[in-house]
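Can you join these two chains into the complex? Each is in its own frame, and there are hints to help.
First to last, the protein sequences are chains A and B. Each residue of the first sequence is one higher than the one before, counting from 194 in my numbering. Each residue of the second sequence is one higher than the one before, counting from 1209 in my numbering.
For the record, the hints were derived by calculation from the structure and aren't laboratory data. Hints may contain errors.
Covered, in the sense of this in silico footprint (three residues per stretch, anywhere, with C-beta under 8 Å from a C-beta of chain B), are these stretches of chain A [to be verified]:
(1) 206 to 214
(2) 281 to 287
(3) 290 to 300
Calculated Cβ distances over 12 Å to all of chain A for the following chain B residues [claimed, not checked]:
(4) Ser1216
(5) Ala1265
(6) Ser1386
(7) Ala1418
(8) Val1429
(9) Gln1460
Each residue gets a CB set at the ideal place from its N, CA and C atoms; glycine is no exception.
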Amino acid sequence: MIGWYPIFLKEMLQFKRKLLRLGYIFSAMMAPIIYLVTFGLGLGRTVKLSEGTDYLTFLLPGLVAMSSMNNSYSWVASSLNLSRLYFKTFQVYIQSPVKPFSIMIGEVLAGMVKGLFASLLIITVGFVVPSNFSINLIFVVTLLFNCFMFASLGVITGMITKSHEDTATYSNFFIMPMAFFSGTFFSIDRIPTIFKPIIYIMPLTHTNVLIRKNYIDTEALISLLVILLYCTIFFLVGSNLMKKYNE
Amino acid sequence: MIRIESISKSYGKVKAVDSLSFEIKKGEIFGLLGPNGAGKTTTVKILTTLTKPDKGACYIDEIDIIQNPIEIKKIIGVVPQENNLERELTVYENLLIYGMLHKVKNLKSRIDEVLSAMGLQDKKNSVVSTLSGGLQRRTLLARALLPQPKVLFLDEPSIGLDPHIRRELWQIIRKIKSEGRTVLLTTHYIEEAETLCDRVGILSHGKLIALGTPSELKKDVGEYVVEFTDKDGRLVSQICHSREQAYEIAKQRSDGVMIRKSNLEDVFVKLTGERIKEIKEGQ
Chain A
194 MIGWYPIFLK EMLQFKRKLL RLGYIFSAMM APIIYLVTFG LGLGRTVKLS EGTDYLTFLL
254 PGLVAMSSMN NSYSWVASSL NLSRLYFKTF QVYIQSPVKP FSIMIGEVLA GMVKGLFASL
314 LIITVGFVVP SNFSINLIFV VTLLFNCFMF ASLGVITGMI TKSHEDTATY SNFFIMPMAF
374 FSGTFFSIDR IPTIFKPIIY IMPLTHTNVL IRKNYIDTEA LISLLVILLY CTIFFLVGSN
434 LMKKYNE
Chain B
1209 MIRIESISKS YGKVKAVDSL SFEIKKGEIF GLLGPNGAGK TTTVKILTTL TKPDKGACYI
1269 DEIDIIQNPI EIKKIIGVVP QENNLERELT VYENLLIYGM LHKVKNLKSR IDEVLSAMGL
1329 QDKKNSVVST LSGGLQRRTL LARALLPQPK VLFLDEPSIG LDPHIRRELW QIIRKIKSEG
1389 RTVLLTTHYI EEAETLCDRV GILSHGKLIA LGTPSELKKD VGEYVVEFTD KDGRLVSQIC
1449 HSREQAYEIA KQRSDGVMIR KSNLEDVFVK LTGERIKEIK EGQ
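Only chain B is shown next, with the shape it has when bound in the complex (with noise of 0.2 Å):
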């Protein structure tokens, strides 16, 4: 569904995406795990027409970005990190607008539906700025799936919101997903990648350093952790392969040694190094 061919872009000397390339299928979530600045906002600019990249191309549904982006623009929809509702008008005025700027068809009746589904019907003449940070961001939810997206972008969906929104957040985010739409979504969020997403990328420095579903990740990189308090009181995480390898390291430590299952975080850790380093610091 969405194809990046070796795509970089730089602001100035920082290159904020770096040869990047992977495809998207369709009807999956796909995450873009990674830390602040490792280029995912950037990814989703590009991929949403806003930033023009440096070299390299994209395609979404075959339709070249570059070449036609007013096409592509009829195909998406866009979640972005930062609120860009009209704050001084209604919820009804913020979706009227933006259904006349996609040619939105039975527009009306079109907007109820996308309210009813996000829960937002009893807030149709609310102001934006009065609604509470969860109900706005349903709000750009609803905005995005009126005109029917094939592909929704969802930069960093949860971010400052309460847990149990969140959790919310993501039963419509599946929801979106069982309607057939492919979903790309950016997330530092480690629980967000592992329950949500089919597959995930992780990014650093502008490069796509692992890809596959969390649990082939995690398989990868080895699917247990160790984790003890050094000599110098440092946490110390190391990942293994099997449960017995576990075992064996954790034996060699008197007290206050856990074993646990590794996540998506540890699989970022040992791919970028650092953590790995503390590990040597530590033994």
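So that you can see chain A by itself, here it is in the shape it has in the complex (with noise of 0.2 Å):
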């Protein structure tokens, strides 16, 4: 048996429930439509984009990059938290006989499962209102990393928060800002200069780039390796966090 597969198996039997209570779809669904319907039908009428695209073909991507990361990260972050501290669940992993390793490894999958299935949700949108978006292998390479990312992410505030309220707050100053200035609703090309390093550090911001790439070029290039940079980074200090756990 697998180390990490009961972690996710655990995860899946909760989502599988979530999923059959009709209101989860409507509310994963529920902002993202919202942005399309007013960054896309409603200003996206008269946002003209250099390359000659039209805006909803620019914005699909970014918002299933946006959602992604949404879901990823706040599932991971919100579950673990109430575990750890209010359900006291997550004692359950750790008086087991399984690696620190394998329960980051469980958590990981199980965020990118849900972050996957809100992205569904938005690509199916996409297929649906009239645009030209596509998808090729990078959208999907770039779509994996992003929700590995993010619940990598994710697995970190929910083990550092010392209360429910923190998640929420982790997430109005990090998620949040990310979702708007990394280049989901418009082009990054257009924020002044002086703000373009703290842009580039957002990981979102590579997504972004990468998402909507046709090939790989220089930029996608640098773009990939930021994004493998984070994914290490967030996967290291989160299963590190896990081997240290102490009450």
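See below:
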């Protein structure tokens, strides 16, 4: 038996139950649909992009990146925080003969599934609305890395937060600004040069660059390397926090 | 089976456990008795690898807890004070996940075995949150027993349970002992410690203040208690070593005097000194 599988299975059993509740799918889709309608179909009609692509085609991959980030991250951060501090179910893992590394893999994979599920909803919408939205291999690989990266970051938040309210604080300070300033809704070229270093530190910026590429050029390669670097750092820090768990 | 050597654990300035040392024999039910905040749960958390002690060493079946926690986790079962079952999952799913985590062989048939032993067969597919407190506690026990642990830790096992369910639980714990398992339970119920435990350690402010069988502990401090109401209307208890001594004290009181056998609460009160002070004031 693979060490991470029971952790992943538990999350999937819970996820399955949530999916059966009608409200879940609607709530998962609500924010991206609102953005799609207001920015894409509303404001977007007046936006002209330099490359000649229509705004909706530009926006949809960004929404997929944002939605996969939000869902992978929040699910893991929130469920880990609650299971550690409130339900105390996390203790069951710590008291079981599984390696901390396996717990980390199980949590991250479960977070990825949740992020991918939310992305799939947006992708479906993307194919329904009139646009030139399409998917290629770079898109799929970027999406997988993005889910992995933010699920790992979710583990870090879930392990270091001292109360459930803290999770919202981290989200407001890091996730929310990233969603808006990392090239989801407008090209990062429009951002004043003085702010660009901050924008390029944000991991989602590189997802947004890469997910819109049709081929690998220098810019794509740099973004891929940055994403891989963040994936490695977040995963190692998360694993280390699991290893050092002490009540 | 369990050896604790001068373990200490502090949270900030509070010493939760203070140079605690004792041993638990194989196959016994050992009770840690003490009021809330005495250090019982911290001791269990240390022994079950949740908390690392600041100082000291612990061994279970001669395995060092700090050096080799994974090996320890293979031989222990834990029933925590707070219900930590997955509430949204069924009883079966909870056991399935736990069994997988513990790499239990023939898991499905083993799940049926423990469910049957705990009288939970008809609750197998019930979602945990729909079960009563007593049934949830039994599910916790079933889960802990699934990998057939050598040592079972029960942290306040009967807290919040109705008296008749508590007695049912005691029967189950006796059965677990009869299977040759070692049990460490924490409790602040005097009756639970007296009727269930082979030996009891009394904890106060993180220190072990007495250790022995319930009858030894009572014998040491006095087996009889004289209870009477003083002139200010306060209940006063005085522990005596012999029935004669108890009669002598009782004779000096005109009415409302009762002589009874001592219990572990009297032992605790005498050792911590709190009520002894009251007697002096009353006299």
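Here is how each hint holds up against the structure:
1. 206 to 214: holds (count 3)
2. 281 to 287: n = 6 at 8 Å, threshold three: holds.
3. 290 to 300: It holds, with 3 qualifying residues against the three required.
4. Ser1216: The claim stands: Ser1216(B) keeps its Cβ more than 12 Å from every Cβ of chain A (closest is about 15 Å).
5. Ala1265: It holds; Ala1265(B) is separated from chain A by about 16 Å at its closest Cβ, greater than 12 Å.
6. Ser1386: 25 Å, holds
7. Ala1418: Ala1418(B) clear of chain A: closest Cβ-Cβ about 27 Å, beyond 12 Å.
8. Val1429: 35 Å, holds
9. Gln1460: Check passes; 52 Å lies beyond 12 Å.
Violated hints: none; the structure is consistent with every hint.
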